[in-house]
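In this text, residue positions in the sequence shown follow the numbering used here: the first is 1, and each later residue adds one.
Just so you know, the hints here were simulated from the structure itself, not pulled from any lab data. Do not rely on the hints blindly, as some may be mistaken.
What follows is a list of derived Cβ distance ranges for each label pair [what the hints assert, rightly or not]: (1) L5 to S42: 17 to 23 Å; (2) S40 to K19: 16 to 22 Å; (3) Q25 to N2: 27 to 33 Å; (4) D52 to H6: 16 to 22 Å; (5) S26 to S68: 14 to 20 Å; (6) N50 to M7: 23 to 29 Å; (7) K61 to S22: 25 to 31 Å; (8) K33 to G9: 26 to 32 Å.
Every residue, glycine too, gets a C-beta built ideally from N, C-alpha and C.
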Amino acid sequence: MNNILHMEGEMLRIKGATKVISSTQSQAAVETKECLIVVSGSEIEVKRLNLDEEDIELKGKFSSIKFSPLGAKKQPLLKRIFK
């Protein structure tokens, strides 16, 4: 299944979501079968979550959406801190 993002005003819907990694007022990280989606902004909140249907709705003022393929090798923590 392909991921589908639909944005309308302050609502963002992600189809294909399998897990919510984290959610704060400034950032939400959602895992799908193919990638990790990190949404940044302000006043972000999860409005609807249905993992059985692989569907999540976020509300907020979004400033960026980043995609990272799953299985991408992360750098060690100390290397990321001391660039």
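Practice task
Output the numbers, in ascending order, of every earlier hint that fails for this structure.
Solution key: 6 and 7
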